[in-house]
Structure formats: structure tokens, C-alpha cells
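**Student:** Listed below are the residues making up each chain.
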Amino acid sequence: SAVISQKPSRDICQRGTSLTIQCQVDSQVTMMFWYRQQPGQSLTLIATANQGSEATYESGFVIDKFPISRPNLTFSTLTVSNMSPEDSSIYLCSVEDQAYTYGYTFGSGTRLTVV
Amino acid sequence: AQSVTQLGSHVSVSEGALVLLRCNYSSSVPPYLFWYVQYPNQGLQLLLKYTTGATLVKGINGFEAEFKKSETSFHLTKPSAHMSDAAEYFCAVSDPRGSTLGRLYFGRGTQLTVWP
Numbered sequence: 001s002a003v004i005s006q007k008p009s010r011d012i013c014q015r016g017t018s019l020t021i022q023c024q025v026d027s028q029v030t031m032m033f034w035y036r037q038q039p040g041q042s043l044t045l046i047a048t049a050n051q052g053s054e055a056t057y058e059s060g061f062v063i064d065k066f067p068i069s070r071p072n073l074t075f076s077t078l079t080v081s082n083m084s085p086e087d088s089s090i091y092l093c094s095v096e097d098q099a100y101t102y103g104y105t106f107g108s109g110t111r112l113t114v115v
Numbered sequence: 001a002q003s004v005t006q007l008g009s010h011v012s013v014s015e016g017a018l019v020l021l022r023c024n025y026s027s028s029v030p031p032y033l034f035w036y037v038q039y040p041n042q043g044l045q046l047l048l049k050y051t052t053g054a055t056l057v058k059g060i061n062g063f064e065a066e067f068k069k070s071e072t073s074f075h076l077t078k079p080s081a082h083m084s085d086a087a088e089y090f091c092a093v094s095d096p097r098g099s100t101l102g103r104l105y106f107g108r109g110t111q112l113t114v115w116p
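First to last, the protein sequences are chains A and P. All residue numbers for the first sequence refer to my numbering, where the first residue is 1 and numbers rise by one. All residue numbers for the second sequence refer to my numbering, where the first residue is 1 and numbers rise by one.
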């Protein structure tokens, strides 16, 4: 199955700053997905990132707050901008795994704490 | 719109006992269905999935799930729990129609505890 490297694995950031999370896949994928998992909650899709086009954001998420880049078929970044304590969450990237039809593989996540 | 309900945020079983984690979904079209497991401080690992065909699907680590359309359910079972099964389990659905394929909608998760 696909192997996803997500960095950083965790970070503690000051409010008002920004953090960029990187997601590297060992194979080319068309779509990449970014999710947020707030403490004690389930996963919520932030946006879908296709190479060569603007990311598609879900309701409640905006590009100014969560800008996404997708420069090629194996890499994407998510930036959490102007952070507040409410942004403290685990952020995960996901891709459709060619190893199994309609199977989606997740990175190990970035555990973000905003103080 | 898709939604997932996992009954029971916490389930405790003894080692060797049956594991049953419940998942019900709401979907306007026959969905694709997934179970993921999340071990502490790790990402999500796919246990099994249902897309089409046989409604009883077998996954890794001895888990299986059955898609019951009439009950809109996709419950996860394992005949005999092992200590290593202790983790958080998430049920998820996706709408198989083209433009939304890949968007997973997750339940709130069920924390499984296995007692020795």
C-alpha cells in the first residue's frame, strides 16, 4: 500500500503564528485529502487537493485560514494560519491507495497544540 | 448527505470475548463503507471496506463486517478479542458518485478496551 510521510509529527505553536504541514506520498496520486481531528472528536474533511487546480474546501473551512498547495502528484502542504487555541487538533492527510480499489490511506498525523 | 452513527463511544470486552462495534449510516445513495482503526499516537489504518458484491467482508486482524442495506448498518465483529485490539475504531462512508468520491464521512469513533 501507499506510504505517506507527514511532517512534523507534532508541534507546539504560539497563537497568531502559522504552521505548514507537509505530506509526501511514495507514489503518484490524483487526489489528496486533508482532515482535522479535534480532541475527542472524529475526523472532519477540510479540503480536497488536486494537482494543478485550486483545492476544494468543505463548509466551514476557508482558504485564508487553511491554504493548501499541491505542486505535484506526490506532495501537498496544509498551512494553519493565524492560529488560536481552537486550532489545536490532529491534522491528517489521506490519499486513495492504488493497492486496493477505493481504499484510502492516511498519514500518521500532525498533533498541533496552540498556546 | 452522508452521516454515520457509531453506537457506544466506549466498548469493553474481556480477552477472548466477541467484539461487536456498531455502525449505522444515512445516505441518499448506496454508499461505500469503511472501518478504520487508530492506535495511540498513530494515523488511521484501513481494516476493511465494502463497495459492491458480497455483503460480508473480511478484513485484517480477524475482523469482519456485514453490510445490511435494510438496516443501514455495517457492524464490525471479531470472534475473539486480543489485547492488541485495544484502539479507537472509526466507521466511515463515502458517496461513490464521481465528484464526491474520496470524501469520507466519519463516525465519532468507538474506543475498544480489552481486559485480560
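No lab work stands behind these hints, which were simulated from the structure alone. Keep in mind that this is a model prediction, so the values were computed, not measured. Careful, some of the hints might be misleading.
As the list claims (entries may be wrong) - Cβ-Cβ distance ranges computed for the label pairs, FRET-style:
#1 A:G16 with P:L18: 48 to 56 Å
#2 P:L18 with A:I63: 45 to 53 Å
#3 A:T30 with P:T52: 20 to 28 Å
Beta carbons: idealized from backbone N, C-alpha and C, even for Gly.
**Student:** Taking the hints in turn, state whether each one holds.
**Tutor:** Hint-by-hint comparison with the structure:
no. : hint                         : verdict
1   : A:G16 with P:L18: 48 to 56 Å : holds (51 Å)
2   : P:L18 with A:I63: 45 to 53 Å : holds (47 Å)
3   : A:T30 with P:T52: 20 to 28 Å : holds (21 Å)
The structure is consistent with each of the numbered hints, conforming to all of them.
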